[in-house]
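J.: The primary structure of each chain is shown beneath.
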Amino acid sequence: MIRPLILSLTLLLALPLSLFAHKMWLRPSQTVLSGADPWVTFDGAISNDLFYFNHHPLRLDNLTITAPDGSQVEAENQAIGKYRSVFDLQLKQQGTYRVAVVNSGLMGSWEVNGERKRWRGTAESLATEVPADAQNLQISERAGRVETFVTNGAPDEGALKPTGKGLEMEPITHPNDLYAGEEGRFRLLIDGKPAAGLEVEVIRGATRYRDTLNDIQVKTDENGEFAIEWPEAGMYWLEATTRDEKSTVSKASSRSLSYIATLEVLPQ
Amino acid sequence: MIRYLLVPLALIAGSFVSVSSSSAAELELMVEIPQLNVSEYHRPYIAAWIHDGDQKVVANLAVWYQIKDKGSDVGTKWLPDLRQWWRRTGRSLTLPVDGVTGATRPPGQHTVSFSDDQPQLAQLKPGEYILMVEASREVGGRELLKIPFAWPGDQSQLHEVQGSEELGKVVLSIKP
Numbered sequence: 148m149i150r151p152l153i154l155s156l157t158l159l160l161a162l163p164l165s166l167f168a169h170k171m172w173l174r175p176s177q178t179v180l181s182g183a184d185p186w187v188t189f190d191g192a193i194s195n196d197l198f199y200f201n202h203h204p205l206r207l208d209n210l211t212i213t214a215p216d217g218s219q220v221e222a223e224n225q226a227i228g229k230y231r232s233v234f235d236l237q238l239k240q241q242g243t244y245r246v247a248v249v250n251s252g253l254m255g256s257w258e259v260n261g262e263r264k265r266w267r268g269t270a271e272s273l274a275t276e277v278p279a280d281a282q283n284l285q286i287s288e289r290a291g292r293v294e295t296f297v298t299n300g301a302p303d304e305g306a307l308k309p310t311g312k313g314l315e316m317e318p319i320t321h322p323n324d325l326y327a328g329e330e331g332r333f334r335l336l337i338d339g340k341p342a343a344g345l346e347v348e349v350i351r352g353a354t355r356y357r358d359t360l361n362d363i364q365v366k367t368d369e370n371g372e373f374a375i376e377w378p379e380a381g382m383y384w385l386e387a388t389t390r391d392e393k394s395t396v397s398k399a400s401s402r403s404l405s406y407i408a409t410l411e412v413l414p415q
Numbered sequence: 011m012i013r014y015l016l017v018p019l020a021l022i023a024g025s026f027v028s029v030s031s032s033s034a035a036e037l038e039l040m041v042e043i044p045q046l047n048v049s050e051y052h053r054p055y056i057a058a059w060i061h062d063g064d065q066k067v068v069a070n071l072a073v074w075y076q077i078k079d080k081g082s083d084v085g086t087k088w089l090p091d092l093r094q095w096w097r098r099t100g101r102s103l104t105l106p107v108d109g110v111t112g113a114t115r116p117p118g119q120h121t122v123s124f125s126d127d128q129p130q131l132a133q134l135k136p137g138e139y140i141l142m143v144e145a146s147r148e149v150g151g152r153e154l155l156k157i158p159f160a161w162p163g164d165q166s167q168l169h170e171v172q173g174s175e176e177l178g179k180v181v182l183s184i185k186p
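Protein chains in written order, with the numbering used here: chain L, 148 to 415; chain C, 11 to 186.
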């Protein structure tokens, strides 16, 4: 009894919450590192303001860290606090690490004797938790990636290969090689294919200390590409969301996809 | 007739080129580290390098950083604070680099010189370049100075710029 409740709460926190308009983010203590095996630490949170922890911690159940050689490595010292989660990572390899929380899940609703039921779960729990005689059943899939990048030494591409699943960003400009006054160019992919016509929103952090958000809105071109001219140095939050009918779950009629990245832009 | 005249001229011109490239061109760099009246002072990290018109690094001249013990990499942790140098060349280097990297230096004037038969300058083709000198100090600031110059040029050059925070005077002198 308690377990399904905890599970659904966990999913509620873990899912891309674009419908609540809160922003999910992972933020590294620094993105450019040097040395034999330097440490870097990360904060994860869900908040309105960037990058302040004042609402919910980011769940780390689906934390996936890809090392420069493509292997998966574990984060250390994971902790979930009231407002933020933290973890540490030692960069034992030279090159770029991709640090991501990749969430997925299903939402459903149906009617039993005219009463509306709501449900959250996974493709596995769908079969057991949704009654076979559900009326007006509607299932939608949600898949989101929240990620950031850190580099020890020279940036490289080994960890940046697209997975081919969901909404992803394929860097054209390396995500740890971004500088104020220069252009960063990226490509959005859905299931590995260029995503044209998607809106991308980019907001610089430290929002507490200014009156206007000054967010940058761009749209991907026919190749799924977009470019941002970085107005100044800072930690930037980037988000793109979309919806389609290409869910891999047969009962799901639609799919919500979200992609979020935290990118550090350095001064010249 | 004209062709016969041209050949000896070309030969003479060619011999001049070979003469000038065999007599060593020299580059001397003086970097002044200012005396600062601050409560906590650490010697700055300093890098000096040369890039071409496309900001491609063609020579690393000097990198002074904290070297505690041989083989220890304590000091390399802060090298990215020399952020232009780190971006353009530092992050791709295997440290230490012979004849380039060395320990931090105290306030004062420090001179390093190179001739064109040394590895730093051996590959430097005649042309227009920019000398970059970057300084970054723990609990302090960061400063970047640039000096455009011609290499090796046809006469002696003396370029001088004055830093305002982390660097004092920087003087580049070149003898072709």
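Hints in this document: simulated from the structure, not taken from any laboratory. Each residue gets a CB set at the ideal place from its N, CA and C atoms; glycine is no exception. Keep in mind that a hint or two might mislead.
Derived CB-CB ranges, DEER-like [to be verified]:
id : chain 1 : residue 1 : chain 2 : residue 2 : range
1  : L       : D362      : C       : Q65       : 28 to 34 Å
2  : L       : K229      : C       : D62       : 30 to 36 Å
3  : C       : W88       : L       : Q219      : 27 to 33 Å
4  : C       : Q133      : L       : P341      : 21 to 27 Å
J.: When the hints from earlier in the document are held up against this structure, which numbers fail?
T.: 2 and 4
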